[in-house]
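J.: Taken in order, these protein sequences are the chains called S and W.
Quick note: the first sequence uses this note's numbering, first residue 1, plus one each step.
Quick note: the second sequence uses this note's numbering, first residue 1, plus one each step.
Certain hints may be false.
Simulated crosslink set (DSSO-like; lysine-lysine; CA at most 30 Å straight-line) [said to hold, decoys possible]:
(1) W:LYS331 - S:LYS170
(2) W:LYS170 - S:LYS92
(3) S:LYS107 - W:LYS170
(4) W:LYS231 - S:LYS207
(5) S:LYS207 - S:LYS74
(6) S:LYS207 - S:LYS33
(7) S:LYS231 - S:LYS189
(8) S:LYS107 - W:LYS33
(9) S:LYS276 - S:LYS54
(10) W:LYS207 - W:LYS189
(11) W:LYS153 - S:LYS207
(12) S:LYS11 - W:LYS92
(13) S:LYS331 - W:LYS231
(14) W:LYS231 - W:LYS33
(15) S:LYS92 - W:LYS191
(16) W:LYS276 - S:LYS331
(17) W:LYS170 - W:LYS153
(18) W:LYS107 - S:LYS331
(19) W:LYS331 - S:LYS331
(20) S:LYS10 - W:LYS207
(21) S:LYS54 - S:LYS107
(22) S:LYS107 - W:LYS207
(23) S:LYS107 - W:LYS231
(24) W:LYS33 - S:LYS104
(25) S:LYS104 - W:LYS170
(26) S:LYS104 - W:LYS153
(27) W:LYS92 - W:LYS191
(28) W:LYS207 - S:LYS231
(29) S:LYS189 - W:LYS331
(30) S:LYS207 - S:LYS55
(31) S:LYS276 - W:LYS104
(32) W:LYS92 - W:LYS10
(33) W:LYS104 - S:LYS10
(34) S:LYS207 - W:LYS207
One-sided excerpt, in silico: chain S residues whose CB lies under 8 Å from chain W [said to hold, decoys possible]:
(35) GLY14
(36) GLU96
(37) ASP178
(38) SER180
(39) ARG181
(40) VAL293
No wet-lab data here; the hints were simulated from the structure.
All values derive from a computational prediction rather than experimental measurement.
Don't be surprised by glycine CBs; every beta carbon is placed ideally from N, CA and C.
Number of protein chains: 2
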Amino acid sequence: MLEQLGINAKKAAGILTAVHTEQKNEALYAISKALVDHAYEIIAKNNIDLANGKKAGLSDGLLDRLMLNEERIKGIADGCVQVAELDDPCGKIIEETIRPNGLKIQKISCPIGVIGIIYEARPNVTADAAALCLKSGNAVILRGGKEAIESNKAIANIMRDAVATAGLPKDAIQLVTDTSRESSTALMKMKDYLDCLIPRGSAGLIKAVVENSTVPVIETGSGNCHIYVDKSADVDMAAEIIFNAKTQRVSVCNACESIVIHSEILEKALPVIKEKLDEKAVIIRADERARAVCPDTESATELDFATEYGDYIISVKTVDSLDEAIDHINKNSTGHSEAIITNDENNARVFMNRIDSSSVYHNASTRFTDGGEFGLGAEIGISTQKLHARGPMGLEGLTTTKYLIFGNGQVR
Amino acid sequence: MLEQLGINAKKAAGILTAVHTEQKNEALYAISKALVDHAYEIIAKNNIDLANGKKAGLSDGLLDRLMLNEERIKGIADGCVQVAELDDPCGKIIEETIRPNGLKIQKISCPIGVIGIIYEARPNVTADAAALCLKSGNAVILRGGKEAIESNKAIANIMRDAVATAGLPKDAIQLVTDTSRESSTALMKMKDYLDCLIPRGSAGLIKAVVENSTVPVIETGSGNCHIYVDKSADVDMAAEIIFNAKTQRVSVCNACESIVIHSEILEKALPVIKEKLDEKAVIIRADERARAVCPDTESATELDFATEYGDYIISVKTVDSLDEAIDHINKNSTGHSEAIITNDENNARVFMNRIDSSSVYHNASTRFTDGGEFGLGAEIGISTQKLHARGPMGLEGLTTTKYLIFGNGQVR
Chain S
1 MLEQLGINAK KAAGILTAVH TEQKNEALYA ISKALVDHAY EIIAKNNIDL
51 ANGKKAGLSD GLLDRLMLNE ERIKGIADGC VQVAELDDPC GKIIEETIRP
101 NGLKIQKISC PIGVIGIIYE ARPNVTADAA ALCLKSGNAV ILRGGKEAIE
151 SNKAIANIMR DAVATAGLPK DAIQLVTDTS RESSTALMKM KDYLDCLIPR
201 GSAGLIKAVV ENSTVPVIET GSGNCHIYVD KSADVDMAAE IIFNAKTQRV
251 SVCNACESIV IHSEILEKAL PVIKEKLDEK AVIIRADERA RAVCPDTESA
301 TELDFATEYG DYIISVKTVD SLDEAIDHIN KNSTGHSEAI ITNDENNARV
351 FMNRIDSSSV YHNASTRFTD GGEFGLGAEI GISTQKLHAR GPMGLEGLTT
401 TKYLIFGNGQ VR
Chain W
1 MLEQLGINAK KAAGILTAVH TEQKNEALYA ISKALVDHAY EIIAKNNIDL
51 ANGKKAGLSD GLLDRLMLNE ERIKGIADGC VQVAELDDPC GKIIEETIRP
101 NGLKIQKISC PIGVIGIIYE ARPNVTADAA ALCLKSGNAV ILRGGKEAIE
151 SNKAIANIMR DAVATAGLPK DAIQLVTDTS RESSTALMKM KDYLDCLIPR
201 GSAGLIKAVV ENSTVPVIET GSGNCHIYVD KSADVDMAAE IIFNAKTQRV
251 SVCNACESIV IHSEILEKAL PVIKEKLDEK AVIIRADERA RAVCPDTESA
301 TELDFATEYG DYIISVKTVD SLDEAIDHIN KNSTGHSEAI ITNDENNARV
351 FMNRIDSSSV YHNASTRFTD GGEFGLGAEI GISTQKLHAR GPMGLEGLTT
401 TKYLIFGNGQ VR
């Protein structure tokens, strides 16, 4: 069954690669309209998922992510229009050379082919990911969590019908309706059909995909982000940035999870930072030296420094040098986003050069690591790996390149 | 033991990422000189490998790949100088924007970090790969085949000492001296230390790495390349190009393995192509329709169409349309290099657009898919996958990007 989806997707991808931008956009507008037109149908199916979720004891947070209402569906539909309005990332001539033997060599951008997306209980991903894949000329196989299966089936069917009205193959968008663990594992082994697999969700999901997949994976979204308060930091700026990066939205991957602080500024800075974090009752887990300054904190273990809390908790590590800060961060971070707060330009330069993360900030909040904030338009995720795409990944990350070579009989 | 190599490599990578181009080049010149100065030492160790190889019954082809003499060592040393003379791929500002909130966002190129190379019995790869990794600021862990272990140890030690004379960490270059299958498998699981793994060698090696590795892999070098003779082809050009692509060097990955031919030109073209291939006694394995035209051929099976011969053998498949040719090729190719021979510009455009391979030619030999021929300088391999790098992969393929964000207190 899964293999049939693979065959269908390959076929659809072969058609999509040669389709004009206008036709892809027409399909995206049709999808947007269809989602709004069928909102009540989607909501009815979503209610089934919500009822099942409540029975299964899903947390309020998960139920909220699962829930669709008219406003949210309108938001998803608007997202499809926004994707239609972005530049087509395919067909760009990236390089062109004429070799001494007369061969003209063009490096052009083109679709990757067939992309698999494995995700959890957020039905909006079904539409968001499909829209981005369609715009970039890729066929997509979606495999969402069982919690959202009824919503996902409704959304996918509406999108498939809309795609057909624009004259494109329905199989540009396919949903795996078998939500067993086996179907997920089988998808990870479909190297003959899938060109790329993108997991979106928890650290556990991402780990499972990385360990089991023979399809090339793009890891996204795991964020144990650090803010380093250097000895020459502006203390008030440090407190404002840390407060923002920790508390503006605690569940997101670019939230700050750990403060690294220079011992020479510890006594001056930590009480100011703590006072600010107290406004939202953030729990501070600190090492011994920091606790000596702010005793009204919990004791941090090594495990704390490796933890992405996703909650109103933050760890504090005291260091005696910039080098120690860099080593500590490179050891514990997930390679997502880190910041230095300093008035020393040279220290900022060294930090930004040596920190091994997708996005490195000087005097700004880590919360800006986001496709929209970076001006990339919509994003499929934030890559925390180094191959292919790193950091916020927009439409360009869903393309590959190929060489076209024009000759008139050249041989070697 | 392997983990220690990983720790050393991470440490070296942390230093290399902040090193100036001049110092990396100094190390490359030092390596080049040291390889020539110690040529006899390398040859003595290589003789041990050759003697062991003969005892183990290695083929003449393998023994030739394994063999080093003064001339070949000079060639390897010259290669290091050529790499020194290439542009540094790191530190380039790829994009720069200033956002409405005043954040300056730079996307820059930087080293990947730690790269693993798994290869077979070619000791030249030890030096070639290390030089490319060093120039691109990456630490490398080399794991060559047991057949070349004595040569590899000699070359690696000479390179490590030379790197140190330039003030860089020796551990920029490390060799796995345990050549058991277990060490190879363990390397594939070293996700905490390796950022990327590049297998170079046989299809079997590449398959094993793809199936077992949890480290992101860049697949290279498997090439079942096709040349399609369209109905409007210039028959003499087709014969010359096929002859060149098949016979100029049969063992390479960009050699042609299969002819796809339009039925309307079959009778006219195949005898001309066969006459040319007969000059080098190429065995032709053809389908029934082609055999009806040229009976002095062998019968092809479906397996033939999926085979990279690497030998004086070529298959022939007859098709009735451009679409059938494209479908046949996309089904059987390894995504390396394919060509169309045609005088019909529109057919060429459709073929180049829809063929899903790294390099697609119009009226030229597939043999040009090569870093040197494409003007990229040295290459680490030819990627047949779609993520990160596709086609001939030079220094740029050994870099990643990161975002540097400069603020003055911005919060979200």
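J.: So, for every hint listed, does it hold in this structure?
T.: Status of the hints after comparison with the structure:
1. W:LYS331 - S:LYS170: Cα-Cα ~21 Å, so holds.
2. W:LYS170 - S:LYS92: Violated, at roughly 42 Å.
3. S:LYS107 - W:LYS170: Violated, at roughly 37 Å.
4. W:LYS231 - S:LYS207: Answer violated: LYS231 of chain W to LYS207 of chain S is near 51 Å, above 30 Å.
5. S:LYS207 - S:LYS74: violated, 33 Å
6. S:LYS207 - S:LYS33: violated, 37 Å
7. S:LYS231 - S:LYS189: violated, 50 Å
8. S:LYS107 - W:LYS33: Between LYS107 of chain S and LYS33 of chain W the Cα gap is close to 36 Å, so the pair fails against 30 Å, i.e. violated.
9. S:LYS276 - S:LYS54: violated, 37 Å
10. W:LYS207 - W:LYS189: Holds. LYS207 of chain W to LYS189 of chain W sits at ~15 Å (cutoff 30 Å).
11. W:LYS153 - S:LYS207: violated, 35 Å
12. S:LYS11 - W:LYS92: violated, 39 Å
13. S:LYS331 - W:LYS231: violated, 61 Å
14. W:LYS231 - W:LYS33: Cα-Cα ~55 Å, so violated.
15. S:LYS92 - W:LYS191: Since the Cα atoms of LYS92 of chain S and LYS191 of chain W sit roughly 34 Å apart, the hinted pair is violated (cutoff 30 Å).
16. W:LYS276 - S:LYS331: violated, 61 Å
17. W:LYS170 - W:LYS153: holds, 14 Å
18. W:LYS107 - S:LYS331: holds, 23 Å
19. W:LYS331 - S:LYS331: The given pair, whose Cα atoms are some 44 Å apart, is violated under the 30 Å limit.
20. S:LYS10 - W:LYS207: Holds - the C-alpha atoms of LYS207 of chain W and LYS10 of chain S are around 21 Å apart, at most 30 Å.
21. S:LYS54 - S:LYS107: violated, 52 Å
22. S:LYS107 - W:LYS207: Holds. LYS107 of chain S to LYS207 of chain W sits at ~27 Å (cutoff 30 Å).
23. S:LYS107 - W:LYS231: Roughly 27 Å separates the two Cα atoms, so the pair holds.
24. W:LYS33 - S:LYS104: violated, 37 Å
25. S:LYS104 - W:LYS170: Answer violated: LYS104 of chain S to LYS170 of chain W is near 42 Å, above 30 Å.
26. S:LYS104 - W:LYS153: Violated, because 42 Å separates the two Cα atoms, which is more than 30 Å.
27. W:LYS92 - W:LYS191: holds, 27 Å
28. W:LYS207 - S:LYS231: violated, 51 Å
29. S:LYS189 - W:LYS331: Status holds; Cα separation ~18 Å.
30. S:LYS207 - S:LYS55: holds, 28 Å
31. S:LYS276 - W:LYS104: holds, 27 Å
32. W:LYS92 - W:LYS10: Holds - the C-alpha atoms of LYS10 of chain W and LYS92 of chain W are around 23 Å apart, at most 30 Å.
33. W:LYS104 - S:LYS10: violated, 41 Å
34. S:LYS207 - W:LYS207: holds, 22 Å
35. GLY14: holds, 6 Å
36. GLU96: violated, 11 Å
37. ASP178: violated, 24 Å
38. SER180: Result: violated, 23 Å to nearest chain W Cβ.
39. ARG181: violated, 19 Å
40. VAL293: violated, 24 Å
Comparing the model with each earlier hint shows violations of hints 2, 3, 4, 5, 6, 7, 8, 9, 11, 12, 13, 14, 15, 16, 19, 21, 24, 25, 26, 28, 33, 36, 37, 38, 39 and 40; every other hint is respected.
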